[in-house]
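Protein chains in written order, with the working numbering: chain A, 1 to 823; chain B, 1 to 220.
If you're looking for bench data, these hints aren't it; they were derived computationally from the structure. Wrong hints could be hidden among the right ones.
[As the list claims (entries may be wrong)] Mimicking DSBU-like on lysine-lysine, the simulated pairs with C-alpha atoms at most 35 Å apart in a straight line are:
| id | chain 1 | residue 1 | chain 2 | residue 2 |
| --- | --- | --- | --- | --- |
| 1 | A | 93 | A | 128 |
| 2 | A | 368 | A | 93 |
| 3 | A | 700 | B | 45 |
| 4 | A | 129 | B | 2 |
[To be verified] Just so you have them, the derived chain A footprint on chain B, three or more residues with Cβ under 8 Å:
| id | stretch |
| --- | --- |
| 5 | 49-60 |
| 6 | 63-72 |
| 7 | 150-160 |
| 8 | 200-214 |
[What the hints assert, rightly or not] From the structure, some residues in chain B lie toward chain A, with a derived Cβ separation under 8 Å:
| id | residue |
| --- | --- |
| 9 | 122 |
| 10 | 184 |
| 11 | 217 |
Everything numeric in this text was worked out from a predicted model, so none of it was measured. Backbone N, C-alpha and C define an ideal beta-carbon position, used for all residues, glycine too.
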Amino acid sequence: MLVRISGMFTPRAISYPASMTTLPPAFERWFTQRGWTPHPHQQAMLARADAPAVMLIAPTGGGKTLAGFLPSLVELGNAPGPGLHTLYISPLKALAADMRRNLTTPIEDIGLAIRVEDRSGDTTQTRKKAQRADPPHILLTTPESLALLLSYEDAPHMFTGLRRVVVDELHALAESKRGDQLMLCLSRLHALCPDLKRVGLSATVEDPPALAQFLAPHPTRCEIIEADPGPDPDIAMLTTDTPPPWSGGGGRYAIREVLDEVAKHKTTLIFHNTRAQAEIFFHELWMANDAALPVGIHHGSLALEQRKKVEAAMVAGSLRAVVCTGSLDLGLDWGDVDLVIQVGAPKNVKRLVQRIGRANHRYNAPSKALILPANRWEVIECHAAIEAVLAHDLDGDPRGPGPRDVLCQHILITACSAPFDADALFAEVTTAGPYAGLTRVNFDACLDFVATGGYALHAYDRWQRLMQRADGLWQLRDPRLAQQVRMNVGTIIDTDTLKVRMKGRSGASGGKPLGEVEESFAASLTPGDTFLMGGRIVRFESLREMEVQVSRDRGRKPKLAVFSGTKFSTSTQLSTRILDLLHRTPLPDLPRHTLDWIELQREVSLLPRAGRILVESFDHEDRPHTCIYGFAGKNAQQTLGLMVTRRMEEMGLGPLGFVATDYATLIWSVSHLDNPAHALDATGLHDGLDGWLAENALMKRSFKGAATIAGLITRNLPGKRSSGRQATFSADILYDTLRKYDPDHLLLSITRDEAMRGLIGFGRIDEMLARTGGLIDHVHPGRVTPFAAPLFLEVGKVPVDGAGADALMRAEADRLMMEAGLV
Amino acid sequence: MKGYDFNLAGVKLTLLPSGALWWPDEWLLCVSDLHLGKSERMARKGGAILPPYETRDTLHRLQTDIEASGARTVVCLGDSFDDLEASDNLPEVEAQWLNRLMAGRRWVWIEGNHDPGPIEFAGTHLAELLHPPLHFRHIARVGAAGEVTGHFHPKARLHIKGRTVSRPCMLFDGDRVIMPSYGTYTGGLRSDHSVLSRLMRPEAIAVLLGDPPQPIPMPR
Numbered sequence: 001m002l003v004r005i006s007g008m009f010t011p012r013a014i015s016y017p018a019s020m021t022t023l024p025p026a027f028e029r030w031f032t033q034r035g036w037t038p039h040p041h042q043q044a045m046l047a048r049a050d051a052p053a054v055m056l057i058a059p060t061g062g063g064k065t066l067a068g069f070l071p072s073l074v075e076l077g078n079a080p081g082p083g084l085h086t087l088y089i090s091p092l093k094a095l096a097a098d099m100r101r102n103l104t105t106p107i108e109d110i111g112l113a114i115r116v117e118d119r120s121g122d123t124t125q126t127r128k129k130a131q132r133a134d135p136p137h138i139l140l141t142t143p144e145s146l147a148l149l150l151s152y153e154d155a156p157h158m159f160t161g162l163r164r165v166v167v168d169e170l171h172a173l174a175e176s177k178r179g180d181q182l183m184l185c186l187s188r189l190h191a192l193c194p195d196l197k198r199v200g201l202s203a204t205v206e207d208p209p210a211l212a213q214f215l216a217p218h219p220t221r222c223e224i225i226e227a228d229p230g231p232d233p234d235i236a237m238l239t240t241d242t243p244p245p246w247s248g249g250g251g252r253y254a255i256r257e258v259l260d261e262v263a264k265h266k267t268t269l270i271f272h273n274t275r276a277q278a279e280i281f282f283h284e285l286w287m288a289n290d291a292a293l294p295v296g297i298h299h300g301s302l303a304l305e306q307r308k309k310v311e312a313a314m315v316a317g318s319l320r321a322v323v324c325t326g327s328l329d330l331g332l333d334w335g336d337v338d339l340v341i342q343v344g345a346p347k348n349v350k351r352l353v354q355r356i357g358r359a360n361h362r363y364n365a366p367s368k369a370l371i372l373p374a375n376r377w378e379v380i381e382c383h384a385a386i387e388a389v390l391a392h393d394l395d396g397d398p399r400g401p402g403p404r405d406v407l408c409q410h411i412l413i414t415a416c417s418a419p420f421d422a423d424a425l426f427a428e429v430t431t432a433g434p435y436a437g438l439t440r441v442n443f444d445a446c447l448d449f450v451a452t453g454g455y456a457l458h459a460y461d462r463w464q465r466l467m468q469r470a471d472g473l474w475q476l477r478d479p480r481l482a483q484q485v486r487m488n489v490g491t492i493i494d495t496d497t498l499k500v501r502m503k504g505r506s507g508a509s510g511g512k513p514l515g516e517v518e519e520s521f522a523a524s525l526t527p528g529d530t531f532l533m534g535g536r537i538v539r540f541e542s543l544r545e546m547e548v549q550v551s552r553d554r555g556r557k558p559k560l561a562v563f564s565g566t567k568f569s570t571s572t573q574l575s576t577r578i579l580d581l582l583h584r585t586p587l588p589d590l591p592r593h594t595l596d597w598i599e600l601q602r603e604v605s606l607l608p609r610a611g612r613i614l615v616e617s618f619d620h621e622d623r624p625h626t627c628i629y630g631f632a633g634k635n636a637q638q639t640l641g642l643m644v645t646r647r648m649e650e651m652g653l654g655p656l657g658f659v660a661t662d663y664a665t666l667i668w669s670v671s672h673l674d675n676p677a678h679a680l681d682a683t684g685l686h687d688g689l690d691g692w693l694a695e696n697a698l699m700k701r702s703f704k705g706a707a708t709i710a711g712l713i714t715r716n717l718p719g720k721r722s723s724g725r726q727a728t729f730s731a732d733i734l735y736d737t738l739r740k741y742d743p744d745h746l747l748l749s750i751t752r753d754e755a756m757r758g759l760i761g762f763g764r765i766d767e768m769l770a771r772t773g774g775l776i777d778h779v780h781p782g783r784v785t786p787f788a789a790p791l792f793l794e795v796g797k798v799p800v801d802g803a804g805a806d807a808l809m810r811a812e813a814d815r816l817m818m819e820a821g822l823v
Numbered sequence: 001m002k003g004y005d006f007n008l009a010g011v012k013l014t015l016l017p018s019g020a021l022w023w024p025d026e027w028l029l030c031v032s033d034l035h036l037g038k039s040e041r042m043a044r045k046g047g048a049i050l051p052p053y054e055t056r057d058t059l060h061r062l063q064t065d066i067e068a069s070g071a072r073t074v075v076c077l078g079d080s081f082d083d084l085e086a087s088d089n090l091p092e093v094e095a096q097w098l099n100r101l102m103a104g105r106r107w108v109w110i111e112g113n114h115d116p117g118p119i120e121f122a123g124t125h126l127a128e129l130l131h132p133p134l135h136f137r138h139i140a141r142v143g144a145a146g147e148v149t150g151h152f153h154p155k156a157r158l159h160i161k162g163r164t165v166s167r168p169c170m171l172f173d174g175d176r177v178i179m180p181s182y183g184t185y186t187g188g189l190r191s192d193h194s195v196l197s198r199l200m201r202p203e204a205i206a207v208l209l210g211d212p213p214q215p216i217p218m219p220r
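Sequences and hints are given; from them, build the entire structure.
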């Protein structure tokens, strides 16, 4: 029954106990009783139980987690000694809790005396204390809870004897700073337990060696075990009778077709890219749902209990479809999902593959998925994405070096646990994959920031947070600081959100919680406004005690639906595929309407190509327009719009506004941009990033995140905000002050790094300039071109008027004064 | 001085774009809630170690207003220092700067809840200042008239085309003025907070800071 397969790993001259290569009889019996055979990759993991670092890449449904735990279960056996043996880290609290239930089954069935407990922010204080004093054999937790555990003085005691750490969904953790923090924590654990073995579990990734390096203690080599990925998915574009609209998202034009597919399948997951789109789609789906199919909605803004209800209904198999967002990208396999529909271009091939994997969790059956393009451009993008999936060509931005704000927090956490030696800590953190290349200078700058604030004006000699003792060790000046540091552990920066609650009967608070909306959205509401929440239309009543109070609304059409959520940019690889696809002869098998549209663009103008930036100049309604096809993704095209209009302002061309998509930026102005090369000149654009772009709200948001993670400002804790005068003040003021008086400060340098990658997307602009060498195809087609036309319909036009914004404000203020009869 | 002109108790006053109040007939400049030394105090208390530049930033603005107005009297409306120790601990450079600003004019320190009692610096130290017909004190009193106060750091919001602008503001009605905070590191209390709604009459106006300051009906 247990067959060693070759090719999974290279058997080398590493000896492991014979017991580790085959399953103990009790385990074998358990597998047999269930009619299971261990997967080859589960056996391979068992065989590699002694490797210092192993990463398993397996598709969902492949028994990945059991593979990760088998060596621990076998090693612990039926007479485990006391103390913590295995630490399991998952990105989701819920996953850790479910894992406990899942592990309990084999442990009880096989008759093992292994204690398994989970720990997260939801665990009671008593339980947490008990766990620190008397840890279980297997502790299931999250990166944040681990960081917190490491901040306690008794961390060395608690982790004594720890043998293995299993990191689940490694690919997802590696996408954010949570992964960087986790790797720093593992370097700490490794210092406490030098024999620690690391296991990473991951879904399909684009660059396994890079992810393995991320996991392994530097410079140890990490072994990679790739499970059979299973059959290729059955994936197609969902075609409709009506062609998709020219612009916009949400895919509402295809409600009927989607309902038909839902009716044909057992359970369908309908993925959307944003929460707002999921809400609107769900609403429309419900209106058209004549057959009254049970359909639910699930996204991160909904109240926990609402989400739990939907999850439970899915497990029970009582839902035919769930409209959802990234909130269902990860997590346990529920229900019998036999179809995934992705609405809108997936923007990123890897995410698409993971979403498709949510369907049909039987290991050897193909997953079935349909992609619904939301507009004409997305027809091309969806086609390119499907080709990429079938070619197993995954995308992903290479990780930058470990961010320094996370390192600052790690230094603080380390100091909370015990006084430390700077040399030793530097040696330790550089064993963490993402920080392997960290220089001593950069480390010292972070240490200086944590200790003194790192200001050019050394004002805090007396009040340092960390001080160096006579013996050279660094310690907290004031031990009470530890409490505050612990409250701020973690790298997840929530946008400020407000709870939405149904107004209670008496008009007082205490009604049913519905979910959350962003503070900025809440601030824009006036009583009587209606919006969608959890699929129903609610009416805004009042903002009370930092809660949005709403009531039911019987209308059929919400007035507003815009609360944003995550917005993705089309990945570099996918953009390249699109450009390539446009130049294929013959063109691929696309719907007729899309082929005609591409042909017309070729006739009237040019098709954008990879080695050049296409710039079109034309008039529309007597107004000069410039369309720049950079294919740099929405964030970067947006930034490009800001930068080019700024340059045009300097050139006296009177830019009036712009709009950006993933592919292009359309600018309108008083005069023509005759020399686009000048406006797209790399040096000029870089000056912008240093200068005026630093004033951008997105930069300030990046700064706020970095300042929070690095420990300069504390999080807004719930309940603390509504009490009297606010003790907190805006991070924007700190940002402005630093820019004015301390422009070389560490946090500004971190903010700049993030701008290159994140929302500002400057890195993508750089990449576009590098790809094209600044070469430009400038055409004057004499009319609006087929590719530019959809941009005119795009929402989110940005007016360019620094002075104009003030004028708007004055007008609104005057109107209010007039209305109130105060003038 | 250019700014927002209004009347309180028959006196003509101007709110300057910086948040200072100018009484031209008396050559009097009034600022509230400077919170000098705030970053030092926070660090001392084991809190955040903020960029230590807010005192110079605040003094710089104050100097600009004093020079532009030629003020003969300056009234600091309380919470001038983040606490009494912060006034002792003010770095030498900044203390001298403050002394230079005080030289040659009448300077009144009103007590605030953060800085009660006498402080290090020269000038007149008062619990409150009656300069008829106006009454300068730190915290507003219900039922008072012709009152100029601070303490609350009011701010207000304005919605324009889907965007929200939040700015520090001055609140005023026929009875009183509640001044915005002048210090760089100072948060704000939204004008719709019940404390402010109770203090201000229904027809109260909020003047958002900016150049020029912008009056709107006080958001409640």
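Going through the hints against the structure:
1. Among the hinted pairs, residue 93(A) with residue 128(A) is consistent with the structure: their alpha-carbon atoms are about 15 Å apart, no more than 35 Å.
2. Under the criterion of a C-alpha separation no larger than 35 Å, the hint pairing residue 368(A) with residue 93(A) is consistent with the structure, at around 28 Å.
3. For a cut-off of 35 Å, the pair hint linking residue 700(A) to residue 45(B) stands: about 27 Å separates their Cα positions.
4. Taking the CA atoms of residue 129(A) and residue 2(B), the gap is about 63 Å. The hint is violated against a cut of 35 Å.
5. Coverage of the stretch 49-60 of chain B by chain A holds. Counting CB-CB distances below 8 Å, 8 residues qualify, and the rule asks for three or more.
6. Only residues whose beta carbon comes within less than 8 Å of a beta carbon in chain A count, and the stretch 63-72 of chain B has 0; fewer than three means the coverage is violated.
7. Proximity of the stretch 150-160 of chain B to chain A, defined as three or more residues with a beta carbon under 8 Å from a beta carbon of that chain, is established by the 6 residues found.
8. For a cut-off of 8 Å, the count of residues in the stretch 200-214 of chain B with a CB near a CB of chain A stands at 5, and the three-residue condition holds.
9. Of the supplied interface hints, the one on residue 122(B) is violated, with its beta-carbon coming no nearer than about 24 Å to a beta-carbon of chain A, more than 8 Å.
10. The beta carbon of residue 184(B) comes within 7 Å of a beta carbon in chain A, closer than 8 Å, and the hint placing it at the interface holds.
11. This hint holds: residue 217(B) has a C-beta 4 Å from the nearest C-beta of chain A, less than the 8 Å allowed.
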